[in-house]
Amino acid sequence: MTMKVEEKLALNAMKNDSKSHILLDQGICSACKERMCIAVCPAHLYSLNEETGEMVVEYAGCLECGTCMIACVYGSITWDYPGGEFGVQYRYG
Amino acid sequence: MDKIDAIVVGGGLAGLSAAYRLADAGKQVILLERGDAPGSKNVTGGRIYVDPIRSYLPGVIDSAPFERHVVREMITVLDEGSALQFEYGNEKWKKEPFMSHTVLRAKFDSWLADRAGAKGAFIIPRKKVDELLYEDGRVAGIRSGSEEIGAHVVIAADGALSFLAQKAGLRQPHRPENLAVAVKEIYQLDEKTIEERFGLGPGEGVAGLFMGSVTRGLFGGGFLYTNRDTISVGLVVGIDSLIHGAGGFDAPGLMEGFTGRSEVQRWIRGGELREYSAHVISEAGIGAVPKLYTGGMLVAGDAAGFALNLGLTVRGMEFAIASGAMAADTAVLALDGNDLSESSLSRYEKRLRESFVLPDMETFRHSREILDRQRFFTVYPRFMCELFDELFTVGDKPKEGLYRTARRVAKKYVLNMETLKDLLAARKL
Numbered sequence: 001m002t003m004k005v006e007e008k009l010a011l012n013a014m015k016n017d018s019k020s021h022i023l024l025d026q027g028i029c030s031a032c033k034e035r036m037c038i039a040v041c042p043a044h045l046y047s048l049n050e051e052t053g054e055m056v057v058e059y060a061g062c063l064e065c066g067t068c069m070i071a072c073v074y075g076s077i078t079w080d081y082p083g084g085e086f087g088v089q090y091r092y093g
Numbered sequence: 001m002d003k004i005d006a007i008v009v010g011g012g013l014a015g016l017s018a019a020y021r022l023a024d025a026g027k028q029v030i031l032l033e034r035g036d037a038p039g040s041k042n043v044t045g046g047r048i049y050v051d052p053i054r055s056y057l058p059g060v061i062d063s064a065p066f067e068r069h070v071v072r073e074m075i076t077v078l079d080e081g082s083a084l085q086f087e088y089g090n091e092k093w094k095k096e097p098f099m100s101h102t103v104l105r106a107k108f109d110s111w112l113a114d115r116a117g118a119k120g121a122f123i124i125p126r127k128k129v130d131e132l133l134y135e136d137g138r139v140a141g142i143r144s145g146s147e148e149i150g151a152h153v154v155i156a157a158d159g160a161l162s163f164l165a166q167k168a169g170l171r172q173p174h175r176p177e178n179l180a181v182a183v184k185e186i187y188q189l190d191e192k193t194i195e196e197r198f199g200l201g202p203g204e205g206v207a208g209l210f211m212g213s214v215t216r217g218l219f220g221g222g223f224l225y226t227n228r229d230t231i232s233v234g235l236v237v238g239i240d241s242l243i244h245g246a247g248g249f250d251a252p253g254l255m256e257g258f259t260g261r262s263e264v265q266r267w268i269r270g271g272e273l274r275e276y277s278a279h280v281i282s283e284a285g286i287g288a289v290p291k292l293y294t295g296g297m298l299v300a301g302d303a304a305g306f307a308l309n310l311g312l313t314v315r316g317m318e319f320a321i322a323s324g325a326m327a328a329d330t331a332v333l334a335l336d337g338n339d340l341s342e343s344s345l346s347r348y349e350k351r352l353r354e355s356f357v358l359p360d361m362e363t364f365r366h367s368r369e370i371l372d373r374q375r376f377f378t379v380y381p382r383f384m385c386e387l388f389d390e391l392f393t394v395g396d397k398p399k400e401g402l403y404r405t406a407r408r409v410a411k412k413y414v415l416n417m418e419t420l421k422d423l424l425a426a427r428k429l
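Residue numbers (my numbering), protein chains in the order written: chain B, 1 to 93; chain V, 1 to 429.
Note that these hints are calculated values from the structure, not bench results.
Every value quoted in this text rests on a predicted model; they were computed, and no experiment measured them.
Worth double-checking, as some hints may not be accurate.
Derived DEER-like restraints, expressed as beta-carbon distance ranges [said to hold, decoys possible]:
| no. | chain 1 | residue 1 | chain 2 | residue 2 | range |
| --- | --- | --- | --- | --- | --- |
| 1 | V | Gly253 | B | Tyr74 | 54 to 64 Å |
| 2 | B | Met14 | V | Pro65 | 40 to 50 Å |
| 3 | B | Asp17 | V | Pro65 | 25 to 35 Å |
| 4 | B | Asn16 | V | Gly253 | 23 to 33 Å |
| 5 | V | Glu390 | B | Met14 | 44 to 54 Å |
| 6 | B | Asn49 | V | Glu342 | 26 to 36 Å |
| 7 | V | Gly203 | B | Glu50 | 31 to 41 Å |
| 8 | V | Asp396 | B | Gly53 | 23 to 33 Å |
| 9 | V | Ala425 | B | Tyr74 | 25 to 35 Å |
We treat Cβ as the ideally placed atom computed from N, Cα and C, and that holds for glycine.
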């Protein structure tokens, strides 16, 4: 009955750019203990790569809400809207 | 640089209203929208109240493609495993003119864009505005990729995140305590099923509000709106609340917990999930409204922080339409007088003060700090649910009198200094 967030994202109309509109400063991320980006992102796009110890963001599913950028008070996240023609296209909204 | 009269950035309600009014006044106006069409990046709860906005788009709003007119308000107070639900309905809401309608923005905004286009506005989709252009210290146009367009006035209607207001130095970077994130799902069900399930006549709709344990004690609440053949259901949570809230709840998990509740399932069951969206909303009231104008530029709608959460009513779209229209009217006068200076455009704020927009934002100046009192999301919902639980429960022991029961439960939760403090604070609401 319950769907995973990845399955929910797959229902959205998306056109993905080849480059990410979200950039992380790994220097800041590596010093961060809270990693609030993981909890606040409604699309669950943030995760920690256990092998490299780096934060990873799967920009392709982004809902363009901007919550991560606002929540990251350390300023690691450089966030811009995807270019025109790209990103989520809401059919209901 | 060659200049057109006006550039509007953003095809939401503020931008489209501005473009409509500018074109209606005979001005050259280009609206740039980064999505495939106006509305395709926009999300609402949502419900729109029409009385405040009718005069700003005369003759337009009454033919708008709304979903359903709201005839009933439904409030659900949830504790873990129990819930108290009450409704308010009024027969007069079933008769025209309707007070409020549910709405889906992809359809509504692209319809309003067609109206603005018919008036002569140029609506250009798939264009993200990157920078403002300046001339003599004043905003004088925009850059989109490698393309520059000059304009006598730029109206920034670029949404709650408004990078343009920030670039123009009109507001500080966003702070987590000033914004909430809304997560929303759209479930498809046929019209008849919706009407039967909610007990509605044709075209009638319900607005639902959920409070209590759905946000696990965090600032926020849930919503539900019936559309024509879909149901919008979602959750709003304060971003700082999510950051500082103990318990490690994440946004998708809260949403899953919310839609999984039987009190929500009863309405959406059998419906097919069609879309999953998210958007931020200003929750800081007038406290987070930026400076609204500078030479050559005006800010309107969500970009100007125009949104109000009063707990029972959440409003934003009316402010967007009204402020967009007033920005346009200010720009028209300024263009006619050939004076786009900051002092000329300051008349925008005067107009907003004379309308409902700034007075409402001012009246409810303290709403966020009052609603942010944690007990509203924890203690009071639990008190209400437990009170009814005790009143309805019949066990094998002799039953206590109703008054004694109520007093005992009240003593446990609300007959204390904290409640008194909350009540005193609530006088400001």
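Results for each hint:
| no. | hint | in the structure |
| --- | --- | --- |
| 1 | Gly253(V) - Tyr74(B): 54 to 64 Å | 23 Å, violated |
| 2 | Met14(B) - Pro65(V): 40 to 50 Å | 25 Å, violated |
| 3 | Asp17(B) - Pro65(V): 25 to 35 Å | 31 Å, holds |
| 4 | Asn16(B) - Gly253(V): 23 to 33 Å | 25 Å, holds |
| 5 | Glu390(V) - Met14(B): 44 to 54 Å | 50 Å, holds |
| 6 | Asn49(B) - Glu342(V): 26 to 36 Å | 49 Å, violated |
| 7 | Gly203(V) - Glu50(B): 31 to 41 Å | 54 Å, violated |
| 8 | Asp396(V) - Gly53(B): 23 to 33 Å | 59 Å, violated |
| 9 | Ala425(V) - Tyr74(B): 25 to 35 Å | 32 Å, holds |
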